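Let the sequences and hints guide you as you build the complete structure.
Going by my numbering, the final residue of the sequence shown carries number 244, and the count climbs one at a time with no gaps.
I should point out that these hints are in silico values taken from the structure, not numbers from a laboratory.
Since this is a predicted model, take the numbers as computed values, not measurements.
Even for Gly, the Cβ is constructed at its ideal location relative to N, Cα and C.
None of the hints are false.
Calculated pairs, BS3-like style, for lysine-lysine (alpha carbon to alpha carbon, straight line, at most 30 Å):
hint, residue 1, residue 2
1, Lys-131, Lys-181
2, Lys-123, Lys-181
3, Lys-123, Lys-77
FRET-style restraints, in silico, Cβ to Cβ:
hint, residue 1, residue 2, range
4, Ser-72, Arg-148, 31 to 37 Å
5, Thr-209, Asn-69, 57 to 63 Å
6, Ser-139, Glu-119, 42 to 48 Å
7, Val-33, Ile-124, 47 to 53 Å
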Amino acid sequence: MADRFPLVVDSSNNNIKELPSGDNLDLTGSGIVTSSNGNILLTPNGSGVVRIDGTTGIDMESGSIGIKNSGSVSNIKLYCESSNAHYVQLQSPAHSAYSGNVTLTLPATTGTIIGGDAENVVKIDGAVSEKAASNATISSTTAALDVRDGSVFQLTLASNITTFNWSNHAAVGHVSSFVMKVIQDGSGNRTIAWPDGTNSVTVRWPGDTAPTLSSGAADVDVFVFFTHDGGANYYGFTAGLDML
1 MADRFPLVVD
11 SSNNNIKELP
21 SGDNLDLTGS
31 GIVTSSNGNI
41 LLTPNGSGVV
51 RIDGTTGIDM
61 ESGSIGIKNS
71 GSVSNIKLYC
81 ESSNAHYVQL
91 QSPAHSAYSG
101 NVTLTLPATT
111 GTIIGGDAEN
121 VVKIDGAVSE
131 KAASNATISS
141 TTAALDVRDG
151 SVFQLTLASN
161 ITTFNWSNHA
171 AVGHVSSFVM
181 KVIQDGSGNR
191 TIAWPDGTNS
201 VTVRWPGDTA
211 PTLSSGAADV
221 DVFVFFTHDG
231 GANYYGFTAG
241 LDML
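Next up, the structure:
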């Protein structure tokens with residue numbers, strides 16, 4: 001049999017006809033390809049949908065998938081295995097919630113995404129773990145702490161800290177909190193000048209009095225801090241002194 005062109009439905013009369021060779025759609029083996037960078041359009045009528053039957057799934061060799069809508073947010077429904085009785089819907093936020101395009105990167109480990117209850121309280125089945133304590137950055141007598149780096153920080157004193165910069169706090173109305181472990185070096189007697197309004201951060205201590213650090217060599221002190229006003233005020237508490 002001679003080579004044939006693809007068959008299509010003529011929308012004007014619902015007749016099946018061959019695409020002429022001038023059109024950019026060809027059948028090659030089991031594939032449908034276009035020439036001249038043409039698109040392949042599947043347009044169902046009315047409320048019809050594009051449906052791909054089969055039991056082995058869909059394999060996209062390369063590229064990305066874009067889902068676009070007009071008047072409603074785009075979504076994907078993932079159905080359960082029992083007669084498609086239930087589904088989980090993943091969907092885009094509304095236009096008003098965006099300040100730019102967003103990329104969500106999934107972890108490269110097997111696990112389950114954390115969920116929340118009806119009151120948006122996070123629900124976790126099993127234990128919670130976090131990476132080991134992050135080290136505050138020290139340059140001579142200046143220390144810097146990025147609150148986003150963790151919830152437990154370690155500061156090993158090799159000199160007196162006269163400038164202590166804290167950055168990247170949660171926005172006003174949200175909470176940033178962390179634990180700080182302070183370690184004296186082999187010499188001891190090192191001190192810290194806690195933030196006092198410099199760089200818009202002030203640490204508030206009970207009785208408006210900062211604690212005195214343990215002064216012995218290798219001594220360990222532990223402090224707890226939190227803020228809910230964008231870092232303008234951190235409330236500081238002594239969890240333990242001279243713990244080593």
